[in-house]
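Residue numbers for the sequence shown follow numbering that gives the first Met the number 0, so the first one is 0 and each next one is one higher.
A few of these clues could be false.
Claimed, not checked - Derived Cβ-Cβ restraints for the label pairs, each shown as a range:
(1) L47 - D23: 14 to 22 angstroms
(2) N51 - E30: 28 to 36 angstroms
(3) P17 - P41: 12 to 20 angstroms
(4) P50 - E30: 31 to 39 angstroms
(5) S29 - P50: 25 to 33 angstroms
(6) C31 - M0: 15 to 23 angstroms
(7) N51 - S29: 27 to 35 angstroms
(8) I1 - H24: 14 to 22 angstroms
(9) C18 - P50: 14 to 22 angstroms
(10) Y35 - M0: 12 to 20 angstroms
(11) N51 - C15: 16 to 24 angstroms
(12) A42 - N20: 26 to 34 angstroms
(13) D23 - L45: 28 to 36 angstroms
(14) N38 - I1: 13 to 21 angstroms
FYI, nobody ran anything at the bench for these hints, they're computed from the structure.
All residues carry an ideal CB built from backbone N, CA and C; glycine is no exception.
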Amino acid sequence: MIDHDHLTGLVRGYVCTPCNNVVDHCTHVSECMFSYYLNNPPASQLALPHPNHTAFQRRRGEFHLRRVEHFDRLVAEMAGTHRR
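Required output: the full structure, derived from the provided sequences and hints.
Below, the structure written as structure tokens:
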């Protein structure tokens, strides 16, 4: 199945259907197969838009907020200021 980023609409890679159903729910910043995939999508260099991306437009805000929270946490961890 072709997986894509719901915020950008860009294809991330091919995944099986069960993984496609859960990959966006990964809350790990690192040390998880899904976080590794999300941080390093194999198809990112191609910059291909997913053909059905417009079907997800109404949910973009939800995904954007979750990704911003992960980004802020990652920046804090890199700066050594994140508290667990």
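Checked hints:
As the Cβ distance of L47 to D23 is approximately 18 angstroms, the hint placing it in 14 to 22 angstroms holds. At about 31 angstroms, the beta-carbon gap between N51 and E30 stays in the expected band of 28 to 36 angstroms. Checked against the hint of 12 to 20 angstroms, the C-beta distance between P17 and P41 comes to roughly 18 angstroms, which is consistent with it. Look at P50 against E30: about 33 angstroms separates their beta carbons, and that is inside 31 to 39 angstroms.
Here the CB-CB span from S29 to P50 is close to 31 angstroms, well matched to the stated 25 to 33 angstroms. For the pair C31 and M0, the supplied restraint of 15 to 23 angstroms holds, since their beta-carbon distance comes to about 20 angstroms. For N51 and S29, the Cβ-Cβ distance of about 30 angstroms falls inside the hinted range of 27 to 35 angstroms, so the restraint holds. Hint check: I1 to H24, Cβ distance near 18 angstroms, so the stated range 14 to 22 angstroms holds.
For C18 and P50, the Cβ-Cβ distance of about 20 angstroms falls inside the hinted range of 14 to 22 angstroms, so the restraint holds. Distance hint check for Y35 and M0: the Cβ-Cβ separation is about 18 angstroms, which falls inside the suggested range of 12 to 20 angstroms. Look at N51 against C15: about 18 angstroms separates their beta carbons, and that is inside 16 to 24 angstroms. Distance hint check for A42 and N20: the Cβ-Cβ separation is about 19 angstroms, which falls outside the suggested range of 26 to 34 angstroms.
Restraint check, D23 to L45: a C-beta distance of roughly 20 angstroms breaks the suggested window 28 to 36 angstroms. Restraint check, N38 to I1: a C-beta distance of roughly 19 angstroms satisfies the suggested window 13 to 21 angstroms.
Violated hints, in rising order: 12 and 13; the structure is consistent with all others.
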